[in-house]
Amino acid sequence: MSTLKHSMTAQKFCVKCLVILSIISGLIVWSFIYLGLNPIQFFSFFADSNIAPFITRFFSPDLSTPFLLRIGSGILETLSISAISTLLASIISLGLALPTAGRFGPYAKSISRFICNFLRSVPELVWATIMVLAVGLGPFAGTLALTIHTAGVLGRLFGETLENHSSINNTALINSGSGKVAAFLYGTLPGIYPQLLSYSLYRWEMNIRMATILGFVGAGGLGQMLFYELSLLREPKASTIIVAMLFLVMVVDAFSNKLRAAQTHSMG
Amino acid sequence: MGCIVQNVSFKHANGTHALRNISLSVNSGESIAIIGASGSGKTTLLNLLATALKPTAGFIEHNGKDPWQISKKDLKELRSTIGTVYQSPPIPTQQRVVTAILAGRLGQWPLWKSVVSLIYPLDILGSHTCLERLQLGDRLFDRCDCLSGGQLQRVGVARVLYQAPDLLLADEPVSAMDPVLSDLVIGQLIDETNSRDATLIASLHAVDIALRWFPRIIGIKNGEMAFDLPSTEVTEKMLKELYSSEMGELPKQANTVV
Amino acid sequence: MQPYSTTNKPLISDPAAPNRLTLIVVSLVVLWPLLELAEFQPWLLFKPENIEVLGNFLVQFIPPNTETDFLLIVLVATIETLAMATAGIALAILIAVPLGLIISNSLSISRIGPGSNYLLSKFARYIARFLMLVLRGIPEIVWALLLVRVFGLGPTAGVLAIAITYGGMLSKVYSEILESGNTLPARALLVSGSGRLAAFLYGQLPSTAQELASYTVYRWECAIRASVVAGFVGAGGLGQLMDQSMKMLNGGEVSTILVVFFLLVLLADNVSLLIRKQLE
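Chains as they are written, first to last, in my numbering: chain A, 803 to 1070; chain B, 3 to 260; chain C, 40 to 319.
Accuracy of the hints is not assured; some may be wrong.
[Said to hold, decoys possible] Each computed DSS-like pair below joins lysine-lysine, with the alpha-carbon atoms no more than 25 Å apart:
| id | chain 1 | residue 1 | chain 2 | residue 2 |
| --- | --- | --- | --- | --- |
| 1 | B | K13 | B | K67 |
| 2 | B | K56 | A | K982 |
| 3 | A | K982 | B | K223 |
| 4 | C | K316 | A | K818 |
| 5 | B | K67 | B | K78 |
| 6 | A | K982 | B | K75 |
[Stated by the list, open to error] To spell it out: a stretch of chain A is covered by chain C in this simulated footprint if at least three of its residues, at any positions, have a beta carbon under 8 Å from a beta carbon of chain C; those stretches are:
| id | region |
| --- | --- |
| 7 | 925 to 935 |
| 8 | 947 to 954 |
| 9 | 993 to 1007 |
These aren't lab readings, by the way, just hints derived from the structure by calculation.
Note that the structure is predicted; figures quoted are calculated from it, not measured.
The beta carbon of each residue, even a glycine, is placed where N, CA and C say it ideally should be.
Take these sequences, add in the hints, and give me the full structure.
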């Protein structure tokens, strides 16, 4: 009797996943057809004579000293954009966290949650384009865009951390006459501070990557340089910039891995 | 600070009564001990007096004012004159002792002073003096997670001493301390309130401490007032009835597990 | 109200003070050049001509453009974005599966015991890891821009850009999932002589299928957002449409597209949640 049940449950599982698999494969095939993509097309494209020289030009990067210096300042610009925006966003999010966690009542909570969701749902690129309209081309637009977007992300994360944190210490201070802000600073902040710092550092790492991309709409950093060089069809310079981008990403990756290892080690 | 408790009851959200129809009146400068078995309602009564809880029936008055009928601003002012020593001090573990003590005057300080003190403590001398009275002065700049349970309780007491309130409430303030330290702490609390004519109301588990230090004893059993007498008039029989649920032996300092 | 101190002179000083002071000074010293580099000039936000430009743009946001012609264009672009994301992920899986299998230590035959091609496989693994890093490390928008130069404007560039970057991302996560699960069945198969693919299919796939599929569906959801981003450099879909509308400073169109984008992301969120629940 039990073996019969077993085979029946096994069958049920199979049918469901078979159905899902077939739906998904159907959608995938439809996507290719809709877009008019023919895999064979790709290979014939490469045989086309225009492409080959374009690609080979990439493999001779421009390594002249003045250009490398410009890349160095581009990297610094990218790092500055990411650092300042993450810093500003953390401060703003600290303020946003209180209403988001419900410390000022249910209405304030809904409003601030909506604001945070709106800020983080709009892609950074869109923010950057809007900011370029507001303050012109250059790294300031990128900084503003990342600040706004990151404030939404961190605002929500900080709010959740705060909400999950016990409010006993906070309440005790309020009951001896403290104002809300002071009670937060003395009663709650010391307890949640490590987690908030961790979120902010993680976000800084992502923002470095983002800051390079935002340049594509004119918001400064390596991205703006790359867009510029590619528009002028200067592939050797473009390839150097791409290598620099890769290098930056790898260094940040390695650094944050070391930092994470050190953090967990000290807590152990 | 004088207090009046008038026919106060407190019912939890799930319907159980923590306190039923309690009435008492406290004059400024008195020292009162509240005793009773675990779960009898001592902590609830203290929380009601601390304005942390609102009575579900009856009312409480501090110096003639009902805390739940006054404006928010007045309530904040009132609360800054009420200090509570908790059994488990509500202090973040990563905080330093000096900051934890200075937090006692947050109700009296302007915001800028509170913020600056986070970075550099503005009243090191004051906080050190309070801590030194509890013989813990050398730990002023340590982090609270480096302290033992008894030491942390003393930091909680130091915070209230620093606050210098008119009404000092203490919820089992010496539960984690040995007899010598308990005497020191209770002695300091009584000195403090006597020197400033402040009121002290403490709930205690060890009956002998209560009888030795406090001139007036209130006994609570199952959420109701069992007796409210000068300590000289409290008999052994009354105490045994009060603690009838606690396996025959009266809780004293000697047989308290630290 | 200080009955305990007779003077205001502190006899003890805060031992943490010197460190904190140094930290503050160093932070300020580092902050200044950063602000310079980022050209941080908040007063620019309040310059009248900037406010005018931005204000005009934002004012057009309400009401959003709901002309039927435009809505049809948006619909077509949305479908194109969806198709791009789906096709991109499909190709990404094609890249990620072999790459992930090569990289996984748990499926490595050469690690089990000495063999003639021990060094070769190790080398192959390093090459594969490096390739994966390059694919992941270069942002998809850069790939999109390069591919637009090669294949021209339109979704082809977007699909390939997603395929490349997400291929790299998926392969890393696949290899992590494969290495963190129960590796004993696969190892047993490898030791008894089976090939890598068979060891994967019979030894690891049954226990890790759910996690692999779940992550892939999550990445499909991200791919939709990435398709919109790639569109900004000419790879088609909603992104290209939004870029065009922004360049024309047409606030009404942009707000419509934004609303559609939010709805699309919400839909994708829910669909992916549904699928992942079904997989459990």
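Checklist entry - Are at least 3 residues of the region 925 to 935 of chain A within less than 8 Å of chain C when you compare beta carbons? => result With 6 residues close enough to chain C, the hint holds.
Next on the checklist: Three residues or more, CB to CB closer than 8 Å: is that satisfied between the region 993 to 1007 of chain A and chain C?
Outcome noted: violated (count 0)
Checklist entry - Within a Cα-Cα threshold of 25 Å, do K982/A and K223/B meet the stated pairing? => result 36 Å, violated
Next on the checklist: Holds or violated: K13/B and K67/B, Cα atoms, limit 25 Å.
Outcome noted: 23 Å, holds
Checklist entry - Is K982/A close enough to K75/B, meaning Cα to Cα at most 25 Å? => result 12 Å, holds
Next on the checklist: Hinted pair, alpha-carbon criterion (25 Å max): K316/C, K818/A. Please report holds or violated.
Outcome noted: Measuring from Cα to Cα gives roughly 12 Å; hence the hint holds.
Item to check | Given coverage of the region 947 to 954 of chain A by chain C, checked by CB-CB distance under 8 Å (3 or more) | outcome: violated (count 0)
Checklist entry - Holds or violated: are the alpha carbons of K56/B and K982/A at most 25 Å from each other? => result 20 Å, holds
Item to check | Restraint check for K67/B with K78/B, where alpha carbons must lie at most 25 Å apart | outcome: Distance ~13 Å between K67/B and K78/B Cα, so the pair holds.
In this structure, the earlier hints numbered 3, 8, 9 are contradicted, and the remaining ones agree with it.
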